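> Residue strings, one per chain:
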Amino acid sequence: DKKKINIRFSTWHVPSGADVQKLWIPMLEEMKKRSNNRITYTMYSGGALGKGPDHFDIVKTGLSDMGYATLSWTPGRFPLTDVLSSPIVCPAKWKGVEAGMAMYDRMLSPEFKDVKVLHINNCVMAHLWTTRAVTRLEDLQGMKIRSPGGLQTRAIQALGATPVFMPLGDVYLSMETGVIDGVVTCPALVKAFKLNEVAGFGVPTSFGCVSEGLFVNKRFWERVPEDLKPIIESVGRDAYKIAGIFDEGWYAATMAEFKTTMEIEELSPAEQQRWDDRFRKMLVAWAEELEAKGLPGKKALTAFREELGRVGVGFNACPY
Amino acid sequence: MDPQTIGFIGIGVLFLLLFIGMPIGFSLAFVGFWGIAFITDISVALPTLVRSFNGTFTTYSFTVIPLFVIMGELATVSGLSQGIYTLADKWLRRLPGGLAIATLGGCAGFAAICGSSVATAATIGRVALPEMRKYGYDNYLATGSVAAGGTLGFLIPPSIGFVVYGILTEQSIGKLLVSGILPGGILVAAFVTIVVVWVMIRPEAAPRNLEQAGMGEKLKALRDVWELILVFFLVMGGIYFGLFTPTEAGAVGAFFLFVVTLLRKKLTWPLLVEALAATVRVSVMIFMILAGAYVFTYFMALTMIPMNLSVWLSAMVVSRYLILAVILAGYLVLGCFLDATSMMVLTLPVIFPTILKLGFDPIWFGVISVLMMEAGLITPPLGLNIFVIAGVADESMETVFKGAFFFLLPIFFVVVLVTLYPGIVLFLPQIMGR
Amino acid sequence: MPALTKHLLFARFKRLVHGLTRWSLALGMGWVLVMMILTTADVAGRYFLSKPVPGAMELSSFMLAVFAMLGMAHTHQRGANVRVTMLIRTLPPFFANVLVIISTVLTLQIVGMMAWYAVRMGLEEYHANATTDALSIPLYPLEFLLALGTLLLGLEIIVNLGDAFYRLFAAKNQG
Ligand code: NA
Ligand code: NA
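Protein chains in written order, with my numbering: chain H, 892 to 1211; chain C, 3 to 436; chain D, 878 to 1052.
Calculated directly from the structure, the hints in this document are not laboratory data.
BS3-like mimics (lysine-lysine), calculated; alpha carbons at most 27 Å apart, straight line:
#  : chain 1 : residue 1 : chain 2 : residue 2
1  : H       : K1109     : H       : K924
2  : H       : K924      : H       : K895
3  : C       : K92       : C       : K222
4  : C       : K220      : C       : K267
5  : H       : K1085     : C       : K359
6  : H       : K951      : H       : K1120
7  : C       : K359      : H       : K942
8  : H       : K1189     : H       : K1172
9  : H       : K942      : H       : K1082
10 : H       : K895      : H       : K1132
11 : H       : K1172     : H       : K1190
12 : C       : K359      : H       : K1082
13 : H       : K1172     : D       : K928
14 : H       : K1150     : H       : K913
15 : H       : K913      : C       : K359
Predicted, not measured: the structure shown is a model, and the values here were computed from it.
Just chain H, with the same shape it has in the complex:
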């Protein structure tokens, strides 16, 4: 069966950014190459088919055939999958995929009945970027910090700062002029929104980051010729390794670049201990809320720690 197939690929990442140019296009090109050009693709980036939070539904309903979606942007839809956004210290997305997919097989698959999952993972860890120096918990009291949502909001609250919500596009001016004092986000978005120009200081402690994934529409998947399915599955799962981006090397290079204009200081070990304690309490509260709803929150945390251990990623804040 030599049938060809064209993939309509959707993402909210901006067309000229690193995600589209250095990750998704190389991944789709690899699918094309391995299938001898029987797989082709059309790229709909920059939210051409819908707004950021709609991207899971865009794939689910079939406006696109395959796409990237940020799961933390639709709170309540994937309650257990939120475990992926715990404050873990993981600079490489491919490791996140390994742990994420192990979790998918163990307990998260019921949350994704509507789509074909190629991979789920946590984004590269988010740090704290501020306009004033922060070396201790006390410095954070009363600071207004823009949160990406989800577990990161709880983390900001747990540290004693005030989480503020606003579109990422407004953060630059708001930080520059003092509407907010800082932002919790990952290095990739700091770079994309030029926040390194306005944040003088960085605390490279991990807040965890949004959970995300790569999904395929179910009806489209049924139409994919059987011999092409393994290609899409394996290239999709190994997208980060194939593109060679968002790994330890990329993380180190980006942070080094930031250090030329920003003061980025690690917390002292004792101080880090205090922050981890706060994160731990936050995770206990989260797990208990899930348990109250009849979901295995505690088991999710321990399972996640086990799976992270297999790829050598630390989870010091894990309470169980």
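Here the structure of chain H is known, so what remains is to put chains C and D with the ligands in place on it, guided by the hints.
What follows is chains C and D with the ligands alone, placed relative to chain H:
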């Protein structure tokens, strides 16, 4: 049928529906819906349709639209818009065509607090037109100056135009708003020049009012609107110095005017109800167009026409200014059929990447496109300001179109000027953004 | 006289629809003031107390939805939805009315489909448990609200259609 062919048929059907009088938002949604259904499946088109409308009505950044509209409504209720006109009249009436200049000044002042061109034209028109009639002003000059003055609401911040542009292109709305100040001022001056030249050529168009207003009267007029001046500094200063985001500025400004209206004891129940109902109408009208345009935009994306057009435009091996001229001419043609908001939503996803690729500044292009859309508001056959003024003045549309025609020259002049000297636009946002 | 009965029925229907539209407007329009006060309180709280109103953004988006969705019917009834009337104003009344009927039927089609499918998506969202981030407010009521708003809008459009048919026959009888 390949998607591109479906796309071109869709565009044809859209123009047909617009032409037979189907409301713009519904035409866009209808063509977009069936286009998506033809290219993919009706089961895909249905959720896309609902998502587009639901998304538009629940987007936080869009709260700025009703807030700016109600700010203008409250200014009218409190008598402040009457006051700003009186102010301009007392200070400017001895100039040739003084009342028309006062009208433009009133529009500029009102535009400073009101986000909507239509609202600016309607409010000032209600106050200024009877005055100009009283002093025997020519109908063309009177209606034209109000219609043209109203377009200032779109350029002088705060402006819904810049808000929509900022949302669509992910540019900083704060910088865009600030970038409108200098070109807005130049455009006011150019409008005034046109009035002066007009009256010099045809003195009978504007009988001079030589009745001198005393200094006391002038100062009283100024005192009467101090709240409005304060609101301007509160809103603009607040955005500029980062006390709040533009969305919040809308709320703070409206709240301040609400309190002023209460303190002036002008807020009766029927007036409040009418102000709220008018806010609903203007906001929902914009939302319907935005939501419909989203559906249509997704359809266009599926056809690949915008992407191909963008590639084609960028590959044109001619001067980038020629491409810019083609784009701007396109806006003027579109402006004949569409209002400014839908024009932006439809064209920017196509045009904006090209503009970036050609190396033009995104903030600068925001000002240029807003200027061209202003021109669109007063050109036939569809010009929202023309309709509003024709309604308020009880004049024929032809009269208003003719009167407004001469005011197109200053708009084009500012476009050319700003293209030759982009610094006019970029100076303020640059010192602001770093 | 069946014609007269029909006439009376339509007049009654029209009154009913306009009444519903007024109610819907009355329930929705005040929320812009609440939004204004809430956002101002949020800004003030952030500055003077370092204590923003939790979830102010989410509450604002909900109020925006109530304000706008319940105002759709009123906006349409008052003819505020912008359209190009150049052709219709120049054509003889009979042809103009035929065009109005065509465009009204198409409008009704799209609005009706939206009302129906918003209910379906509301049910789906209800089972998916989607909520807002800060306050965990469920999202499904918004879909039902959209369904309600578009239903009222659809009724107003049916009134338009009835009016257009009346005018059509009036124009025919004269001509
Ligand atoms: Na304005
Ligand atoms: Na026009």
